[in-house]
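Given next are the chains, with one letter for each unit.
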Amino acid sequence: MRAPISWIKEYVEIKEPAEKLAEDLQFSGTKVESIASEGTEVIFDFEITPNRPDCLSVIGIAREIAAIYQRKLTTPSAFSVTSVEKEEKSVQFEVADKKLCSSYSLGVIDYVKVGPSPDWLAKRLEKSGLRSINNIVDITNYVMLEIGQPMHAFDYDKISGAMNLRTSKIGETLVTLDGVKRVLPAGAIIIEDKEKIVDLAGLMGGENSEVDESTQTLILHVPLYNPLAIRKASQYLGLRSEASNRFEKKLDPNAHRYAFERTAQLMGEVAGAKLVSEVTSVGYPHKEGSLVVPFSLVSEVLGISISKEQIKNILERLGFATQHQVDKADEFKLKVPTFRTDIEEPIDIVEEVGRIYGYNNFPKTLPSRPSVVQFPRQTDFEGKVRRALALLGLKEVYTGSLTSAKILDRAGIRVENCLKVANRLVIDYEYLRPTLIVGLLLASSANIERFERFSLFEVGRIFEKNIEKNGLPSQPKKVAGIFINYDFKRAKGIVENFLGKLGIGSLEFMATENNSPYGSTIAKISSVNKSIGMLGSIEEKILTSYDISASTYAFELDFEILRSLQSERKYKPPPKYPIVKENISLFVNQNTKFSNIRKAIRKGAGHSLFNLTLLEEKSVKGKRSLLLGIEYFDLFKTLERRHIEVIREKVLKELVNIDTQPRIS
Amino acid sequence: MDLNKILSQFNKESHQAQSEKEIEALRIKYLGRKTGILPKLTERIPRLPVAQRKGVGTEIRKLRSQIEDVLYEKAKGKKESAKPSAEDISVPGSKIETGSLHPMTLVIEEVKNIFHFLGFTWDDGPEVESDIYNFQKLNMPPNHPARDVQQTYYINEKIILRTHTSNMQVRYLEKNKPPVRVLFPGRAYRRDMPDATHLPSFYQIEGLLVDNKSSLTDLLGSLDYFAKAYFGKKSKIRVYGHNFPYTEPSIEVEVYHPSKGWIEILGAGMVHPNVLRNAGVDPQKFRGWAFGMGPDRLLMLKYEIADIRTLYNNDIRFLNQF
Numbered sequence: 001m002r003a004p005i006s007w008i009k010e011y012v013e014i015k016e017p018a019e020k021l022a023e024d025l026q027f028s029g030t031k032v033e034s035i036a037s038e039g040t041e042v043i044f045d046f047e048i049t050p051n052r053p054d055c056l057s058v059i060g061i062a063r064e065i066a067a068i069y070q071r072k073l074t075t076p077s078a079f080s081v082t083s084v085e086k087e088e089k090s091v092q093f094e095v096a097d098k099k100l101c102s103s104y105s106l107g108v109i110d111y112v113k114v115g116p117s118p119d120w121l122a123k124r125l126e127k128s129g130l131r132s133i134n135n136i137v138d139i140t141n142y143v144m145l146e147i148g149q150p151m152h153a154f155d156y157d158k159i160s161g162a163m164n165l166r167t168s169k170i171g172e173t174l175v176t177l178d179g180v181k182r183v184l185p186a187g188a189i190i191i192e193d194k195e196k197i198v199d200l201a202g203l204m205g206g207e208n209s210e211v212d213e214s215t216q217t218l219i220l221h222v223p224l225y226n227p228l229a230i231r232k233a234s235q236y237l238g239l240r241s242e243a244s245n246r247f248e249k250k251l252d253p254n255a256h257r258y259a260f261e262r263t264a265q266l267m268g269e270v271a272g273a274k275l276v277s278e279v280t281s282v283g284y285p286h287k288e289g290s291l292v293v294p295f296s297l298v299s300e301v302l303g304i305s306i307s308k309e310q311i312k313n314i315l316e317r318l319g320f321a322t323q324h325q326v327d328k329a330d331e332f333k334l335k336v337p338t339f340r341t342d343i344e345e346p347i348d349i350v351e352e353v354g355r356i357y358g359y360n361n362f363p364k365t366l367p368s369r370p371s372v373v374q375f376p377r378q379t380d381f382e383g384k385v386r387r388a389l390a391l392l393g394l395k396e397v398y399t400g401s402l403t404s405a406k407i408l409d410r411a412g413i414r415v416e417n418c419l420k421v422a423n424r425l426v427i428d429y430e431y432l433r434p435t436l437i438v439g440l441l442l443a444s445s446a447n448i449e450r451f452e453r454f455s456l457f458e459v460g461r462i463f464e465k466n467i468e469k470n471g472l473p474s475q476p477k478k479v480a481g482i483f484i485n486y487d488f489k490r491a492k493g494i495v496e497n498f499l500g501k502l503g504i505g506s507l508e509f510m511a512t513e514n515n516s517p518y519g520s521t522i523a524k525i526s527s528v529n530k531s532i533g534m535l536g537s538i539e540e541k542i543l544t545s546y547d548i549s550a551s552t553y554a555f556e557l558d559f560e561i562l563r564s565l566q567s568e569r570k571y572k573p574p575p576k577y578p579i580v581k582e583n584i585s586l587f588v589n590q591n592t593k594f595s596n597i598r599k600a601i602r603k604g605a606g607h608s609l610f611n612l613t614l615l616e617e618k619s620v621k622g623k624r625s626l627l628l629g630i631e632y633f634d635l636f637k638t639l640e641r642r643h644i645e646v647i648r649e650k651v652l653k654e655l656v657n658i659d660t661q662p663r664i665s
Numbered sequence: 001m002d003l004n005k006i007l008s009q010f011n012k013e014s015h016q017a018q019s020e021k022e023i024e025a026l027r028i029k030y031l032g033r034k035t036g037i038l039p040k041l042t043e044r045i046p047r048l049p050v051a052q053r054k055g056v057g058t059e060i061r062k063l064r065s066q067i068e069d070v071l072y073e074k075a076k077g078k079k080e081s082a083k084p085s086a087e088d089i090s091v092p093g094s095k096i097e098t099g100s101l102h103p104m105t106l107v108i109e110e111v112k113n114i115f116h117f118l119g120f121t122w123d124d125g126p127e128v129e130s131d132i133y134n135f136q137k138l139n140m141p142p143n144h145p146a147r148d149v150q151q152t153y154y155i156n157e158k159i160i161l162r163t164h165t166s167n168m169q170v171r172y173l174e175k176n177k178p179p180v181r182v183l184f185p186g187r188a189y190r191r192d193m194p195d196a197t198h199l200p201s202f203y204q205i206e207g208l209l210v211d212n213k214s215s216l217t218d219l220l221g222s223l224d225y226f227a228k229a230y231f232g233k234k235s236k237i238r239v240y241g242h243n244f245p246y247t248e249p250s251i252e253v254e255v256y257h258p259s260k261g262w263i264e265i266l267g268a269g270m271v272h273p274n275v276l277r278n279a280g281v282d283p284q285k286f287r288g289w290a291f292g293m294g295p296d297r298l299l300m301l302k303y304e305i306a307d308i309r310t311l312y313n314n315d316i317r318f319l320n321q322f
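Protein chains in written order, with UniProt numbering: chain A, 1 to 665; chain B, 1 to 322.
With the rest of the complex left out, here is chain A:
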């Protein structure tokens, strides 16, 4: 809300420079967006929180200033003549559903001379960000800005018969003041006469009852509308106005009468107008509410020592009438002024005291209990995961969890299977990622030109369409990595090493069906029969669409399963007695699995097997040949030649049993 300081000064004395005033207002909760100087004038732009519609007015702002600086607030007196000897003209106004318009003031104003506004009025509106239209429209806007109560003036002669306020039916139309034909939703508040809809209530008047140069008589309607109905219609029609911005909040239920009188008064002064009907005020006056607040609540919640007198003083300055409950020394009763529709319970009063006392005058303390009120998590598993991957040379990335159909499509993912937001703003942020691999591919693609070989990882949630027991879509946390320009052995080695660092053993890598976005070499990883996730190469077609030509592997593991499988690693001392190393060459069938060879060797060597590595794999005369490095040891003695010979014999026998041909050089 914009307001020139000269206007505010009409109601409260201001001695402070604009910057100081802005700062003091901000500290107490009235946000100043900007201060602009125009000649001798200073224009404030306030950002008012939705709970304080009373501050969407110059008087509201002046009241805050008066409270902060302990100064007097002077408001303009209302119109003194509110009844006429003989009603010259009258208006019939029906409100069928009281919930739509619980209270209002209404009357007929005649002898209006519509014309340009006087300079002071036009200028003041313009400084406040409103265009001057004519003296009548300007006065209604002026009072809205001054008091915070919007209203509407109809041309009396353009209304035929009784007026009726109701909700719209779907598809009804109205041409509003701006010349736009509005197709209404069901439930918007409208006012109609005998023949036609004349007002889209709270949002904009109808063109058919507009005040213009020829207007002589007005119907002035100052209502309090159902905020929700206004808000919904405003959102539906995409129509926001100074009026709707106020009507959709909880306005002072008593302001309509004062606003009517003030408007009629100004119209008399500026446009020679005269009230010719009784002023009808429905639902008026509204009684102010009261609250009982313990003094101790104020000091305990705020944590400051503040006297009862100080508390009462602050509240009085804000317009709350306070009264000490004599029988209950700790409590006081207060009356909540009707313009403070945000005050509902005692805690709201605590805030009032705090913000005017000044939060920056508070001492700063630390929570007084012993600092550990709960056991912090035993271990930060997520941190452990991240550090383990970083140690293995992977760089951590954070990629977007909202992505586009295009990017998903490039990864060969069908968007029908992905969770989607219903109200996207930009096409790039529409689908929730179903795998972290998409983001990793994108990140890799961004680096591929500058870096020949690299690996990245991310920890984060992925999203699925299926709804879980808690009523929410499944959104498991995953750990994923990508290896650009790596071979399978190296990628697998890193995954094994990573899982090892988490104390997850008994790993099994099982070949599995092709499954997007993985290519042909896919392994399902499990530990103690629990599936952890996948490791595989990315299909060439997909890589090409991300401009990646190097061989690429990726893994994605389930975070919670990793957490459930993790264990503390125990130290194994290195063997005391020497380790004996041997190499064995083997011819094996194309489809023989290394895991079976390992099993055979383990079976043959028993606990003498210390380590087994694959040194080399090649093709000799069309046959698959493996060079294995085997290390033997014994916990209790030095292995001698004769021992080794016995073990070797057994190992070779087992290897022959699984149909391999050992070649000892």
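The set of hints was computed from the structure by calculation and includes no laboratory data. Take the hints with a grain of salt, since some may be wrong.
[Claimed, not checked] Selected chain A positions facing chain B (in silico; Cβ < 10 Å):
| hint | residue |
| --- | --- |
| 1 | Ser299 |
| 2 | Pro346 |
| 3 | Asp348 |
| 4 | Val397 |
| 5 | Pro573 |
[Unchecked claim] For lysine-lysine, the following DSS-like pairs were computed, each having C-alpha atoms within a straight-line distance of at most 30 Å:
| hint | chain 1 | residue 1 | chain 2 | residue 2 |
| --- | --- | --- | --- | --- |
| 6 | A | Lys477 | B | Lys302 |
| 7 | B | Lys177 | A | Lys364 |
| 8 | B | Lys234 | A | Lys31 |
| 9 | B | Lys285 | A | Lys308 |
| 10 | A | Lys650 | B | Lys40 |
| 11 | B | Lys21 | A | Lys623 |
[To be verified] Here are the simulated distance ranges between beta carbons:
| hint | chain 1 | residue 1 | chain 2 | residue 2 | range |
| --- | --- | --- | --- | --- | --- |
| 12 | B | Phe322 | A | Gly39 | 48 to 58 Å |
| 13 | A | Glu452 | B | Gly93 | 16 to 26 Å |
| 14 | B | Asn212 | A | Lys530 | 41 to 51 Å |
| 15 | B | Arg317 | A | Lys593 | 21 to 31 Å |
| 16 | B | Asn212 | A | Glu41 | 32 to 42 Å |
| 17 | B | Gly93 | A | Arg453 | 17 to 27 Å |
| 18 | B | Lys158 | A | Asn611 | 50 to 60 Å |
| 19 | B | Phe322 | A | Lys333 | 52 to 62 Å |
| 20 | A | Lys593 | B | Lys177 | 50 to 60 Å |
| 21 | A | Gly39 | B | Lys158 | 31 to 41 Å |
| 22 | B | Arg317 | A | Asn657 | 47 to 57 Å |
| 23 | A | Gly393 | B | Ser235 | 31 to 41 Å |
| 24 | A | Leu614 | B | Lys76 | 27 to 37 Å |
Note that beta-carbon positions come from the ideal geometry of N, C-alpha and C, so glycine has one too.
Put chain B on the given structure of chain A with help from the hints.
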């Protein structure tokens, strides 16, 4: 058997052997366990006539050590020549590729560590959230005007993308009886146009304390402690009145940055009694405070990053700096 012949042959060949590989091949040829010339000679000793046997073992051992010495010197020379000829310490060190943690992780961990000193633990929860936990239980019924400032992505009428990590307040309190002190770091979503300071998905750290005694002065003290811990001893906080439906009183906090001045990074307040009630906590017995801050902002300030998109583009030239 002419050991001298073997030695002169070795000398000739060793002269030619230059690479480490060639030296190794030479070692195997002469000293190799199974096929080496010297081991083979040793094997033959028992078959020699007794008269010739005497001293042969010693001779072979002598030859062996001669050969070993030569090989050792050659191999050592090889390693030395790998060093720069002159000790020019101004030559650049090798470039080392290492793994790294994203600065967002570093910042979140730093915040966790700072609040850990005040007894805070941390927890994590759903990003796709029900309207109930994101809004309704936080004192924002349907159509509440305060929802306007939190541009919301909807999945459907009931399920949304959480607009803040405050969704964890009631979730956590339902499972953990007070007293609690906990941080909720995580992703949140707002339907904003992406630009240098906004992204539809960003990070937030919510903090929550609920105890039988807690006050606004404790909140201010804790945030001041945080400011000093993160931005340095000269930092401090400045407080503005504000309004959030889920806190009462509500405040906005600016932190003094030694070189950038006052910056707005925090919203906070005393937990609204309705929120406690919604979590099954008796507001007569317990009070609490909560705050929310943006680690994106903290990160950008710390490392002087101007554009938030830099954080999520994952250029390795960016990642390598952390």
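Q) Broken hints, numbered, in rising order? A) Violated hints: 5, 15, 16 and 21; rest satisfied.
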